[in-house]
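Trainee: Below are the chains, spelled out letter by letter.
Protein chains: 2
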Amino acid sequence: MNPLLWLPIIGFLGIILAFILYFYIKSRPAGNEKMQFIAGLIRKGAMVFLRREYSVLFLFILVVFLLILFFLDAYRWQTAVAFLSGAASSVLAGVFGMVAATTANVRTSWGAKTGGQPLALRIAFFGGSVMGLAVASLGLFGLGIFFYFFGNTASARVLSGFAMGASSIALFARLGGGIYTKSADVGADLAGKVEAGIPEDDPRNPGVIADNVGDNVGDVAGMGADIFESYIGAMVASITIAASSSMIYGAAVGKYMAFPLIIAAIGLIASVVGIASMKIFERISPAAALNSATYVASILLFVGAFFAVKMLYLPMNLFWVMLIGNLVGIAIGLLAEFYTSGSPIRKIAQASVSGAATNIITGLAVGLESVAAPVLVIVVGTWLAHHLAGMYGIGIAAVGMLATVGVTMSVDAYGPVADNAGGITEMAGLGEDIRKITDKLDALGNTTAAIGKGFAIGSAALTALALFSAYSQAAKLSSINLTEPLVVIGLLIGGVIPYLVASMAMKAVGRAASKMVSEIHRQFKEIVGLLEGKAKPDIEKCVDIVTSAALREMVLPGLVAVVMPVLIGFLLGREALGGMLAGATLSGVMIALFMANGGGAWDNAKKYIEAGNLGGKGSDAHKAAVVGDTVGDPFKDTAGPSMNILIKLMSVVSLVLAPILVKFLR
Amino acid sequence: MNPLLWLPIIGFLGIILAFILYFYIKSRPAGNEKMQFIAGLIRKGAMVFLRREYSVLFLFILVVFLLILFFLDAYRWQTAVAFLSGAASSVLAGVFGMVAATTANVRTSWGAKTGGQPLALRIAFFGGSVMGLAVASLGLFGLGIFFYFFGNTASARVLSGFAMGASSIALFARLGGGIYTKSADVGADLAGKVEAGIPEDDPRNPGVIADNVGDNVGDVAGMGADIFESYIGAMVASITIAASSSMIYGAAVGKYMAFPLIIAAIGLIASVVGIASMKIFERISPAAALNSATYVASILLFVGAFFAVKMLYLPMNLFWVMLIGNLVGIAIGLLAEFYTSGSPIRKIAQASVSGAATNIITGLAVGLESVAAPVLVIVVGTWLAHHLAGMYGIGIAAVGMLATVGVTMSVDAYGPVADNAGGITEMAGLGEDIRKITDKLDALGNTTAAIGKGFAIGSAALTALALFSAYSQAAKLSSINLTEPLVVIGLLIGGVIPYLVASMAMKAVGRAASKMVSEIHRQFKEIVGLLEGKAKPDIEKCVDIVTSAALREMVLPGLVAVVMPVLIGFLLGREALGGMLAGATLSGVMIALFMANGGGAWDNAKKYIEAGNLGGKGSDAHKAAVVGDTVGDPFKDTAGPSMNILIKLMSVVSLVLAPILVKFLR
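Heads up: the sequence lines are chains A and B, in that order. Quick note: the first sequence, position 200, residue 203 per the working numbering, numbers continuous. Quick note: the second sequence, position 253, residue 256 per the working numbering, numbers continuous.
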């Protein structure tokens, strides 16, 4: 048997494990009737959104499929099929993860009631792990199959189609999901908490289910598609670079091309062990359990990769590069945690005492400042990787960072499950004690969310840099020369795009949220007895409004991201397109860090005050902090994360485009 | 006589004209005793700040002077002297402009009382014109003299010392002035208007004089130093590019080198006529008068430049390039006006109805969006300029934009004079009717300020691009190659610097303003009868506090700007330094546009509500809009404008450094 077949087989085994995990969760009791009813609404809302999102996407995917089929210079149908498969894998991972998350939320809530914190933690984490395993396994399985057939220097370009498929879904999932989650959140909060004065997650609020749906479509499906894209992008970039370096690697080029997938396979196995190890640590503390799972997986990856390098007779530098990539990911996550906790949030809280304006100014300053350290980490990592293993090293560093995606994504997806469990506990009235448990798990989820966001940006940045290198090789550019005005022009145009997309995303949330507010107002006014708890709100109407709005609003920024590389490539040429990618990556990474960290800091500054500091809940400082939190919402959950996708998607589109540009332009 | 001598002579004549204008203003009556007393306080505060600022700067200038003298590879003392002269010219222009502005403010106020609006307008505008003429004339005079002695291909590098001197002063003037003006403004408003509930410019407020001083040190001295730097930088970049293109231009290289100065000389003459023409138009309307002055100067510049190109037998393309540069400046100004008026501000005002958070979100979205169009204009201008006349064309476009700086700077400096006149009118109690006149002039000043800010950013961007080209030639780089990781690393590091400096500037305003607020609190509490108007506030203490704070806070960000190019140049090499400049220019221009336009839009959204829309003054929408305005203050007047200087200064430092890097690094 060809040993390369082991790669998709390991991926396939991972998928089976994800199914087993899913059935384990599904077998748990789902609580009382009221809980099941609420959970049913959330799941239905989430599934409706996904279905409608994917049907909008279907048209887009079809058009691009046909474009590839008719206009690519070579490997037409192969690339087109790879594109479809990449898109399908991302969709499958999203649907699977969502089904699991919306199954686990209510069982977590009931688990807290019947088995206390350890059981609730386990269900929530395993619920997230389905998504984690799905992302890692489907990626390895799909890409592994294509690699088996097209894993040689000439045909490896087919794989970029797979990456482009994944990226296309990711863009719309992140944008649509991001707009959905924040407009539902802001809308429900404004009309319910602020105006009507009813508590969060109160069942009388017609928008509260939409809010809980948003957690799933944004933080599970959106985040999953983002990470899936990075995972695939990093591998494809490394393979492309290796394939075009056959002059350097000689007969060993095949090993170099397979190496990223081998690392991913080891990472998947390591992640499975990590996830399982969580059961050992769950009795210590929830935080310890999640951290240990991550560390166990990382250490196993290192050990496995070390032996893989030895056994394949590859240079030991590749091991170090992979290690560096993994450490860069951890470092950026920890930096994100620092800026969204500790002294920065105390400064913002302190500034809230003198009002909303100083809260905003301080939060913006924290966000702006927080850009420097993570970029420096990326810079050092990139430099070391290149120093040790050339351009290929940059790709392998990204792969190293993402190899344990099975466990990091599990931790990420745990957050929204815990958040949902809290909501269900509240809405079903399970009582103060149970709510305390879910609140604690939710608080942990907020920390992991901050780390996860940092990790997502870091991996996007490293992947984009790797894809940028892959593009320059695929476009046969010996130089992207900034003393050429066209390159500078490309750089400036590229730099502007993230600003435009961020602005569109922010405005989209504003518009969608205000539609939601009007609808809730209408229901409070027209449905007699609603506020007294005697009548039922029209939940589906709210879900429908925010679904339609999110889907409509995601189209324009999405098209910008896809069309711009084509436009610049054909109008200004390959080299200018390289400049554009560099400019977009620069602006995109920095805006992403600025917004994610600023938004997270505002959020936690509010929570810090709510914990009883500086006057606590209801004080003027708290009111000011709520303003900051509301501004931070679209920053950290809509506009910021969209940047990750934007820079990767534009790079991938360019990578697919490169051979055509080489052929038709000088 | 060598015809090149005419250049400094025309500059010298301009200086004399500025003096004549100054004495004309000084000869006007300065109003009653109370007005003179208030004006005296403002002038004293402004002069104290300048004196202390320049004494901090003296040390910095001395160190750099010695560094140049001892470490430059060649032309040591010449470059060092040029550096000193550039710094001295900027200081002289600043002091002269400030003296004139603080002379004109009180006379404008009295002019409104004795001669009505036309007389007040004329005095305010001529007060600003002293600054305008000083900037243009001192620049032409100083650079003209150095060009006379070092205007050949080998020694032209001495001129970059002059530019670096101008840039060094500019950085600290913009930063220090920007921190001063906004911390005084925010501090006085918070403690006076918001907390104590007394009106703006009320004489009982101990911070009100500091606020008026701030208008001068920020908007006159700071803005003047910024524009002066662009003016010099654009010329020096063009001369440097021409000097290193002697292979292309052959024997005509001398003409190409002199051409930027010739354009500047024509522009100065055109500006003088434009300023004088304002007397003809002043009876129509204030806005018409200022616009006409600008257009007259532009048209005269075009005519003069056309004949200059003809008579020097230079290619007609250079005329077109100059024209394009001038039009780019006008276009960016108009775009700035659009984003800070019209539909964007109505949207922000509308969003204020649902609270501070939506006001902030919408304002940020407007700011983010406003980046695209001006950058596109710059991109098109740069492309056309390069297409028509190569890299030299980019420099000439910048020179064309800045040639009529005499009149554009006059319009800019008019604003703070009118603003001050309003303050004096209020504090001296000249009555409602007079205040109406000064309010109208002040409102016009707000429009010109928005246009002026756009122009300042546009000229900084074009100058930075020209300096970037000059650097690549001086550093003998045939390529700044983005496929080299070190260049990408440079790019990323460069991209981070503007974020860091912006964050520092924002935090500096916050700290300084809160010191001011505490002091005003103390005085309200400790000085018996102050709030009843029976006792006098300790004005000087406030001025002193904000002066010290601004000077202390400007040092760190200033050092970052100077040290980074040296560090990157020596650690990572010439090419990476080129990448750093590109990254810094990219981030810097975009943050500058984002902040200037966002801040201006917030300001005017508040004014739109104050004009009686959406509930008017005192409504909830107004309160929300005040929050946006306060956030916008450090955006548009501190952090945003600092970006202009940052990108130019780093380019100029690199230009001076280039020959050393060529010599000592491979």
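Treat the hints as calculated values from the structure; they're not laboratory data. Please note: incorrect hints may appear among the correct ones.
Below, a list of computed lysine-lysine pairs in the DSS-like style, where the Cα atoms sit at most 30 Å apart [said to hold, decoys possible]: (1) B:K626 x B:K443; (2) A:K620 x A:K537; (3) A:K537 x A:K47; (4) A:K518 x B:K620; (5) A:K196 x B:K350; (6) A:K626 x B:K439; (7) B:K196 x A:K620; (8) B:K196 x B:K439; (9) A:K528 x B:K443; (10) B:K439 x A:K350; (11) B:K518 x A:K518; (12) A:K196 x B:K626; (13) A:K350 x B:K196; (14) B:K626 x A:K626; (15) B:K518 x A:K610; (16) A:K350 x B:K443; (17) B:K350 x A:K626; (18) A:K626 x B:K528; (19) A:K626 x B:K610; (20) A:K620 x B:K518.
Trainee: Now tell me if each hint is right for this structure.
Mentor: Checked hints:
1. B:K626 x B:K443: Roughly 24 Å between the alpha carbons, so the hint for K626 of chain B and K443 of chain B holds.
2. A:K620 x A:K537: Distance of about 29 Å is within 30 Å: holds.
3. A:K537 x A:K47: This hinted pair holds, its Cα atoms lying about 24 Å apart.
4. A:K518 x B:K620: Answer holds: K518 of chain A to K620 of chain B is near 27 Å, not above 30 Å.
5. A:K196 x B:K350: Status holds; Cα separation ~25 Å.
6. A:K626 x B:K439: violated (37 Å)
7. B:K196 x A:K620: holds (27 Å)
8. B:K196 x B:K439: Roughly 20 Å separates the two Cα atoms, so the pair holds.
9. A:K528 x B:K443: At roughly 46 Å apart (the allowed maximum being 30 Å), K443 of chain B and K528 of chain A break the hint.
10. B:K439 x A:K350: violated (42 Å)
11. B:K518 x A:K518: violated (43 Å)
12. A:K196 x B:K626: With a Cα-Cα distance of about 21 Å, the restraint between K196 of chain A and K626 of chain B holds, given a limit of 30 Å.
13. A:K350 x B:K196: holds (25 Å)
14. B:K626 x A:K626: Within the cut-off at roughly 14 Å; holds.
15. B:K518 x A:K610: holds (27 Å)
16. A:K350 x B:K443: violated (40 Å)
17. B:K350 x A:K626: Distance of about 24 Å is within 30 Å: holds.
18. A:K626 x B:K528: holds (27 Å)
19. A:K626 x B:K610: Status holds; Cα separation ~25 Å.
20. A:K620 x B:K518: holds (27 Å)
Against the hints set out earlier in the document, violations occur for numbers 6, 9, 10, 11 and 16.
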